[in-house]
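There are 2 protein chains.
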Amino acid sequence: MEVITNGCIVAPKGFKAGTTYCGIKTTKDSLDLGVVFSEYPATGTALFTTNQIYAAPVKLSRKVAQKGRVRAFVVNSGNANACTGEQGYKDAVEMARIAAKCLKISEDEILIASTGIIGRLLPMDKIGGGIKMATASLGNTREHGNDMARAIMTTDTKQKDIAVRLKINNKDVVVGGITKGAGMIAPNLATMLCFMTTDISLPASLLDKCLRNSVESSFNRITIDGHMSTNDTIAIIANGASGVNILASGTELQAFQEGLDYVTGYLAKAIVKDGEGATKFIQIDVIGARSRSDATRIARSIADSPLVKTAINGEDPNWGRIVSAAGYAGVELGESKINLHINDILIFARGMPTQCDLNTLSATMKGNDIKIRLELGLGNCTDTVWTCDLSHEYVTINAEYHT
Amino acid sequence: MEVITNGCIVAPKGFKAGTTYCGIKTTKDSLDLGVVFSEYPATGTALFTTNQIYAAPVKLSRKVAQKGRVRAFVVNSGNANACTGEQGYKDAVEMARIAAKCLKISEDEILIASTGIIGRLLPMDKIGGGIKMATASLGNTREHGNDMARAIMTTDTKQKDIAVRLKINNKDVVVGGITKGAGMIAPNLATMLCFMTTDISLPASLLDKCLRNSVESSFNRITIDGHMSTNDTIAIIANGASGVNILASGTELQAFQEGLDYVTGYLAKAIVKDGEGATKFIQIDVIGARSRSDATRIARSIADSPLVKTAINGEDPNWGRIVSAAGYAGVELGESKINLHINDILIFARGMPTQCDLNTLSATMKGNDIKIRLELGLGNCTDTVWTCDLSHEYVTINAEYHT
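Quick mapping for you: the protein sequence lines, in order, are chains A and B. For reference, each letter of the first sequence is one residue, going 1 to 403 in my numbering. For reference, each letter of the second sequence is one residue, going 1 to 403 in my numbering.
Because the hints were derived from the structure by calculation, they are not lab data. Wrong hints could be hidden among the right ones.
Note: identical chains are not told apart, hence a pair may lie in one copy or across any two.
As the list claims (entries may be wrong) - Here are the simulated BS3-like cross-link-like pairs (lysine-lysine), alpha carbons at most 27 Å apart as the crow flies: (1) LYS273 - LYS371; (2) LYS337 - LYS63; (3) LYS337 - LYS59; (4) LYS337 - LYS90; (5) LYS273 - LYS158; (6) LYS209 - LYS171; (7) LYS209 - LYS59; (8) LYS126 - LYS59.
Bound-form chain A, shown alone:
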């Protein structure tokens, strides 16, 4: 598996991207509209926010994804088109109509996504022109791919993209992806968009199964502030341009799944690393649970505790907050069986703090990567969740942002 770090979304064969600034965002040196287009007919699927309050483009794109045929992503940043009522839905439909005309494909093959401020109608006069500009500039250079990764950013500070090249049946297959999302990240997706492309060919049902598998162990295992958004979308298009066609489960599908898992895993962690105000990347491994869901609940309880997150921000190995957050996850525990390692140092064993070298441990807390490993001693199940710390910068970003 070869990793590609440049122009990722157009790294698979037969994909182009085009972007523009059309005036949705107020900062002129940024991009706010982008289109990804497959030159060939393709299958596609997507997963969406489970928030009961969901945006107009989510409502529309759900219908498109269900049909399994997708050839283009049309995405704007700066306005989420959420809480915009019937007019908002009409605007999403209109975006698809304009894009279909420009791309000469059916509206039913276009996934629309929006991210940004909620409760304001889209500036359709600008967006109509923007879609025309973006489709007119479609191309498959690295620059086209990189611009597309930037066009979907909002409070993100870094472009987040990756691709991998796999050998399947002696042919090159590429999976590429871009993502955005810094705050409002919670399990089961968040204000987070992720678009992926691949030049393999897969029936929509198999592609959907692969995507769900992959998201379960990547995007559904990250949390920044526990707040799930109205617009989350994770979508993939498979166009078959590599000449590799998979029709059923087997080693070829497994190889593709591994490539996809690499892309989703990398992108999910990239979101956490670029979390609003994040200074530390935290991996929480829960070991020895009776069930995976028990392990997940405990890992998330620790990950979502503001006391744990502020302690790590302060570079303090505060085992008490970690253990007590595990204790209120709603899972029966045996205190005297619990061991806790922070950065591979055993700080809590069989229910009591150890005599470990706190100076050494404190020194490791100054690093950017923090590892929490909680052993429950109850069974053989495990899970991992990734999160970031809670900093002054998080409060500043979110208290100073005004509607």
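For chain A, the structure is supplied; the task is to place chain B on it using the hints.
What follows is chain B alone, placed relative to chain A:
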């Protein structure tokens, strides 16, 4: 009902309190050990943390509370005696033993509670002397009551106490209480201690029922950071010194319940107002839910959202964060039926933002009391949760605290 704001825990007849500084805390001008004592035999009950990791005094006091006879509270601050293994439990038993000897009552009538740092053994040499000093100084002046309220404080910035005088059967009945707890406050109790006294006489089973009723709509409706602690205890002693004896349900019991509700409601809100770094007191009313538990889930989802809490810290009426936090509470909603009032101004109606006067609304956000009222339009059930904002000061307190 007359409200008493001074010496509250000894305001009911037949109660004394004694306090001391014995060296558990490092700050010498503070109190760190206190005893509340009933001069007469009494019934008593208590509720404890549901955290699976619970402190030694909780383990011991659960047994005492189950028997229904309580005559004294013995409380230390500065050390939680949690995650201290078998020795910790022995120390809690020893505290009860020493207090029983000093007070000349049975160990089985003494509730022990501890709050403070976790994972360190109690300094029993100091605590033994402390219990002797505190019991030697027992008295029922206002100063004795006020000192007791201060002796249980940790990161609290304010003494939190209240009492009410009721007329039942033409006699005076008093209910008094003290509480502590600033961070780590979550539903189902938190690092929170609350001790109450009353001079009514009630069978332990009725007293327990009254306490559970009262806590359900007070302490179980507050949240500061969603982190539940290892030591939470809410306890009450009823000694009958008023001469009022209630044996069954009826208007007399109802009068007592109302008095108790006032005390628990006041104390629970006092905890939120003194939340770590809190600058705003937030009341969240959810109206028109299909069930009370639906209303509770939504109110808590809003209350625990760091994005909502930071927005209010920034005095921004960010309805989008409130509505989207409601959307991920796991309750089915109809977006087009939802109305949201912030500080009595309708900002969101039938799924879309209104044309309300944002300048007026923004001006109201500068106040210390913020009211969020979310109408779901689905049924007749309601619930209320109280919380506070998330400030830079919260991050400072919790990132700079070192184990």
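Hint by hint, here is what the structure shows:
1. LYS273 - LYS371: within (14 Å within a copy, 35 Å between copies)
2. LYS337 - LYS63: Between copies, since 23 Å is at most 27 Å while 49 Å is not.
3. LYS337 - LYS59: Close across copies (17 Å), not inside one copy (47 Å); limit 27 Å.
4. LYS337 - LYS90: between (58 Å within a copy, 19 Å between copies)
5. LYS273 - LYS158: within (10 Å within a copy, 38 Å between copies)
6. LYS209 - LYS171: within (23 Å within a copy, 72 Å between copies)
7. LYS209 - LYS59: within (21 Å within a copy, 48 Å between copies)
8. LYS126 - LYS59: within (22 Å within a copy, 65 Å between copies)
This entry satisfies every hint, going by the numbered hints stated previously.
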